[in-house]
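Q: Going down the list, the sequences are from chains A and B.
The first sequence begins at 15 in the numbering used here and counts up one residue at a time.
The second sequence begins at 156 in the numbering used here and counts up one residue at a time.
Bear in mind the hints are in silico, worked out from the structure with no lab data behind them.
Owing to the predicted nature of the structure, the values given are computational and were not obtained by experimental measurement.
Just so it is clear, CB atoms sit at the ideal spot from N, CA and C, and this is done for glycine as well.
Be a bit skeptical, because a hint or two may be false.
To be verified - Estimated spans, in silico, between C-beta atoms of each pair:
1) Leu289/A to Leu247/B: 39 to 47 Å
2) Val285/A to Ala182/B: 54 to 62 Å
3) Ile269/B to Val57/A: 22 to 30 Å
Stated by the list, open to error - Here are the simulated lysine-lysine pairs, BS3-like style, with alpha carbons at most 30 Å apart:
4) Lys328/B to Lys307/B
5) Lys238/A to Lys185/B
6) Lys238/A to Lys257/B
Letter by letter, the chains look like this.
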Amino acid sequence: MSRTLISAAEFRRPRTRNTYYAVLTGTVVLFAAVFLFPMYWLVAGAVRSPQELADSTPSLIPRTFQPGNYVDAWNSLQIAHFFLVTVEYAAGGWIIQLLVDVAAAYALSRLRPAFGRLWLALILASLMLPAAALLVPTYLTVADVPLIHRNLLNTPWALWLPGAANAVNIWLLKRFFDQLPADLLDAASIDGAGRLRTLWSVVLPLSRPVLAVVSIFAIIGIWKDFLWPYLVLQEPTAQTLSVALARLSTTSYVTPNELLAGMVIASVPMVVVFLVFQRHILAGLSAGSLKG
Amino acid sequence: MAVVAAGAGRRVEVPVRRPSRRSVRWARLKRRVGDNVAAYAFLAAGLLCFGFFFSWYPLVRGILLSFQQDNLVADPYWVGLDNFHSLFRDPLFVTAWVNTVKFTGIALLFGYAIPFVLAIVLNELRHFRGFFRVTVYLPVMLPPIVSVLLWKYFYEPDSGLFNTILGGLHLPKSQWTQSPGMAMLSLVLVSTWANLGSATIIYLAGLQNIPGELYEAAELDGAGVWQRIRHVTIPQMRFLLLILLLLQIVATMQVFIEPLQLTGTTDPHTITVLVLVYRYAFTVNRDFGLAAAMSMLLFCVLAIFSALYLWLTREGDGA
């Protein structure tokens with residue numbers, strides 16, 4: 015690691031050292047209190063009894079312990095159903111995004127069609143269009159898709175189609191494909207591999223790192239998305255977990271501890287994905303930050 | 156055929172027999188046409204069906220829609236500037252814009268400055284580096300609805316955690332989201348907590364790219380820690396600071412879920428541009444034309460910042 019603000023020589027001075035340990039302790043305490051404690055409170059709140067939750071003098075450690083609240087939420091709030099629906103949406107959306115984006119990036123990077131630069135410029139410029147400002151016309155488009163005249167509201171396609179062509183993904187994939195050694199692709203073509211075969215057997219196996227990053231961000235994006243699913247999935251049975259939680263939070267038959275348990279269940283997959291892939295996610299975030 | 160065309164227009168010659176010039180040209184042309192046909196087959200899905208249906212087409216449609224009356228029941232018809240006239244007459248129009256600018260301003264005050272300071276401190280810490288990185292980013296991973304509902308539960312005036320803590324410290328309690336003075340700040344706090352992790356991580360990556368020699372040189376010149384921050388860190392990070400400023404403005408001006416869940420769509424203290432769009436289009440009146448007109452105004456404002464961002468991050472790769 016290269017040197018930072020404080021040099022190693024300065025660091026060895028007792029006064030700097032003391033300040034350093036004070037700052038270190040302060041930061042650890044601050045982070046635990048600000049970022050971890052709210053999550054502890056959420057998980058712990060879900061096992062308290064309704065009476066204890068309503069109490070205005072809560073204790074740090076739950077006085078009552080009802081892990082059954084999680085089971086209740088899973089079954090009676092139908093969190094199980096919404097969880098599976100969200101998994102289905104995320105899996106489908108991920109596959110469609112990969113198919114569409116890989117094909118587009120491969121064409122733009124390796125086949126270099128006429129007007130390729132124009133298409134790439136238009137795709138990248140679409141990043142400029144803020145999703146929220148186009149909500150209304152996109153909603154109307156999904157409610158009656160041009161050419162095929164289908165109403166996609168309350169179907170998974172309402173999430174899959176608008177999310178399919180992702181400009182950031184196309185750009186990341188294209189940039190990666192551009193850097194693959196040309197000799198390797200030439201060799202494949204000399205061996206008689208067609209374009210699809212080259213993509214499948216040469217390009218994709220070499221692109222595992224970028225495919226991993228694109229996949230992780232695609233799945234996280236779909237799982238966390240709220241505004242768009244909230245608009246296009248008004249029918250309760252078709253809703254994602256996030257949208258269902260928003261609806262359940264306003265109904266009176268849901269007890270607060272069951273709602274908290276539902277919130278924990280909605281977060282667990284994301285936390286697990288993060289802990290498993292944290293290197294990919296944190297590195298991808300800083301690498302991709304300059305575009306998207 | 157002794158010539159094998161390979162790659163994009165490159166030839167690999169196999170020294171057996173020189174083919175005629177015409178057949179080489181013919182093979183090349185065939186290759187180009189084949190590449191184009193294949194490329195457009197691969198691109199078709201991305202370009203036509205999706206990319207344009209759901210990005211450029213809605214933009215055009217939104218512009219047209221803002222001059223139309225459309226409620227999804229009757230056929231849309233042209234109304235000229237009527238939508239904009241009714242917008243300007245709606246007292247909530249100005250309120251929504253003022254609130255949005257206020258939210259963006261306060262959110263930048265917190266969400267822009269804190270991650271930078273945090274990143275500078277974290278970059279100096281030599282212990283628990285993994286812990287800090289994971290912890291600061293953890294809230295970003297939670298689904299936004301979870302963060303918002305969790306804070307709603309903290310803000311609860313009677314039994315919420317915040318008032319319990321304030322009461323325990325013998326400080327005056329607050330009505331949080333339900334008090335006109337605190338409502339906006341309450342929304343900003345949630346949004347800052349949920350989002351500051353990404354800016355912090357991005358700044359950290361930027362700080363690690365600052366060459367150590369610059370600090371070395373500054374130190375030799377007798378610069379103290381503060382001067383090093385002022386004359387080395389900040390100038391070196393200027394580009395990243397500008398980029399994140401633009402990104403955060405665009406993101407925070409589209410605030411929606413916080414007011415929707417914490418204060419509802421009718422509270423004049425916290426109604427924002429997007430909440431008003433939602434109200435026009437998706438609640439009682441279903442006035443898509445009016446909502447589109449409002450969206451287009453938001454689009455015009457955001458487009459300035461987005462265009463600046465794209466221009467600053469442009470690359471020489473044909474984009």
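Q: Run every hint past the structure and note whether it holds.
A: Status of the hints after comparison with the structure:
| no. | hint | verdict |
| --- | --- | --- |
| 1 | Leu289/A to Leu247/B: 39 to 47 Å | holds, 44 Å |
| 2 | Val285/A to Ala182/B: 54 to 62 Å | holds, 56 Å |
| 3 | Ile269/B to Val57/A: 22 to 30 Å | holds, 26 Å |
| 4 | Lys328/B to Lys307/B | holds, 16 Å |
| 5 | Lys238/A to Lys185/B | violated, 47 Å |
| 6 | Lys238/A to Lys257/B | holds, 26 Å |
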